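Protein chains: 2
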Amino acid sequence: MLNVSVLGYGTVGSGVVEVLTTNKESIAKKAGQEINVKYILDLRDFPGDPHEDKVVHDFNVILNDEDVQIVVETMGGVKPAYDFVKACLEAGKSVCTSNKELVAKHGAELIAIAKEKSINFFFEASVGGGIPIIRPMINCLNGDEIEEISGILNGTTNYILTKMSKEGLDFDSVLKDAQDKGYAERNPEADVEGYDACRKIAILTSLAYGKQVDFEDIYTEGITKITDVDIKYANALGAAIKIFGSSKKVGNDIYAKVAPVMINGEHPLYSVNDVFNGIFVKGNMVGDLMFYGSGAGKLPTASAVVADVVEAAKSLNANLPMIWENDKLQLADIKEAKQRFFVRLSGNAAENAAKVESTFGKVQVVEAGVENEYAFITDQVKEGEFAQKAEQLGNVVSRIRVDF
Amino acid sequence: MLNVSVLGYGTVGSGVVEVLTTNKESIAKKAGQEINVKYILDLRDFPGDPHEDKVVHDFNVILNDEDVQIVVETMGGVKPAYDFVKACLEAGKSVCTSNKELVAKHGAELIAIAKEKSINFFFEASVGGGIPIIRPMINCLNGDEIEEISGILNGTTNYILTKMSKEGLDFDSVLKDAQDKGYAERNPEADVEGYDACRKIAILTSLAYGKQVDFEDIYTEGITKITDVDIKYANALGAAIKIFGSSKKVGNDIYAKVAPVMINGEHPLYSVNDVFNGIFVKGNMVGDLMFYGSGAGKLPTASAVVADVVEAAKSLNANLPMIWENDKLQLADIKEAKQRFFVRLSGNAAENAAKVESTFGKVQVVEAGVENEYAFITDQVKEGEFAQKAEQLGNVVSRIRVDF
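Taken in sequence, the protein lines are chains A and B.
Under numbering that gives the first Met the number 0, the first residue of the first sequence is numbered 0, with each subsequent residue one higher.
Under numbering that gives the first Met the number 0, the first residue of the second sequence is numbered 0, with each subsequent residue one higher.
There is no bait here: all hints are sound.
The list treats identical chains as one, so a pair stands whether inside a single copy or across any two.
In silico DSS-like cross-links for lysine-lysine, where the CA-CA straight-line distance does not exceed 30 Å:
#1 Lys210 - Lys28
#2 Lys210 - Lys248
#3 Lys297 - Lys248
#4 Lys231 - Lys165
#5 Lys297 - Lys28
#6 Lys313 - Lys210
#7 Lys327 - Lys23
#8 Lys281 - Lys28
Since the hints were made in silico from the structure, they are not lab data.
Please read these numbers as outputs of a predicted model, since none were measured by experiment.
Kindly produce the complete structure, drawing on both the sequences and the hints.
Right, dumping it as structure tokens:
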């Protein structure tokens, strides 16, 4: 029997205990032995909970118990999760976490400690919820050099954009609906401003290139400026507006960003709707891959954590190598990235057409029956150059990157 | 430096050498050491090939060379691949193969030998070409009990069905086009009769339940009876006809089959077109997952083989456990499986409506402007019961399973 302890008995933590209980027998078979939850660390008590007798309030009870070989960290946030996880690893306990902030910030260091101690630090659930993506990145794509990762990495914003698109509603009313349904937090900033997706693309990019990508370096733009009128134009184009976390390798430069983007039906992520996540990966040998599933939610996320626990159990005293060095990966300046842009200008065609052509050359005009506006899609243009030209035009109502 | 040898220098085998050469540096970093191709076994010579000096005709040169630690098997077929692979494993060499016939037939035995010898037998490329699906099944879904696997597992038939659907062409002319393009073999039987997909779903089902699924036990129906008129009805329904290899767990029964099926836009595999493959997996905790990519082709398939080589290099003297026992998994009788059916009858509505209602009860009538036919979709009905009733009707022109 192998003893596990869970740090944080919130949504994901209680999901982990539920998955371990529901599938106890099949998990024991796959792990080679029974997995027992010995302690659950939380500040709260849980009277009436079937596992209430396992709840402890002092982290040291877990840290100092040599019978606890695997620790699950589902507290979220960097403090005190970082201190707890580091202490567990240094004490020779493998750690499995769903904590994207922790992994994005301290992944390289924690991986190095696990290696030194011949144990494992796993974090499948930190990106894409239940979707297997971290382990495929580490163990399945080693014949390839990664050219692009583009992911719908946040279920809340994908739900909002899908609902705006299908029902023609504006951002604020859909956000309220999402909050009422529990899909969005009362303080929705981390989701709608793209900060959550930013941590996740930082993790995926670090794994793709084996070096530390600092999420603070990633250009991040949320969905709060997307309006129902933008959606109307997208629908007229047969396109969907999604928010992507993406990184692309162009020559020796690696660009990363989080931003809304228009994609059409040719893109493998076009049909990824509602709270689902999808991650597109392009390798120089394998070509296009896509991974799809539930990017959040109690049981899907817990399923990924438990899969990590089983892997940790199968390799209790052997570090499974992965490359994520502490050296910083210098991202290229986003201003140099080339991109098509969808642009809306105030004023009609007569007022704008000549000005636009003299600024951008021939463009693709977009008609969606919106009065007193002129909308178009540019050719590929450098981000920095676009920003200058847009300022020069002076009457830009909105602009969205286009990926077709 | 680690020495690899390749058995079979055909499409996939030469692709493996190409991937190892093209991405030599990044592969060395990930594998922890340089990977060198020492021998290539083939009956033919390859004058002018950059690797011609590595070609040998005698398998024993490879078997008896203790410097060869990993063997890649890309010959295809059971004989002599089985003898060669078994001999390599018994000699302590890890083996990575793309050979679905070999894995479906002898997977359990070869996995057991690798375990006994503390080496590895890997076969990521045997299903889904370049798509990571075998390793996710083994290492990422262990928190779940698998309830369903449904895969578009054969690129040739998906190309044919996509082209029939988009261009309204009949089966024979599209098959000829596919043969001219090299997407279909001159003898297309293994693809169009579903035999290839059958091996692949046998492998996935064996891994899902940890026991041997004999492909001979799987009900297999190809696409040769699908006509342009069937496609016309599918289009009228907003549905696509795909050929699925699938297995489903209903209570304690596991049903497996290969057959054409109608799916609609709600299904994650609806947009998987042309030569692409997609595999849908449903777990009792994680819910719906989908994996998408190139299911065949030289470099995508080779990419998966090389990823296996890197994993084998990272764990040279340690067996990474997987559960696929030799015990046979008894599949449930397909006659007991419940299913909706799309049915076309000769004769018009006036002649058929009453007869159909008395046989199947209320049905969903399907209109596609086809003269002198009556088409409908049944409710859920057991396969065996449907077959009896269809025979009773006496005028069935075609029937296709419906998955919505």
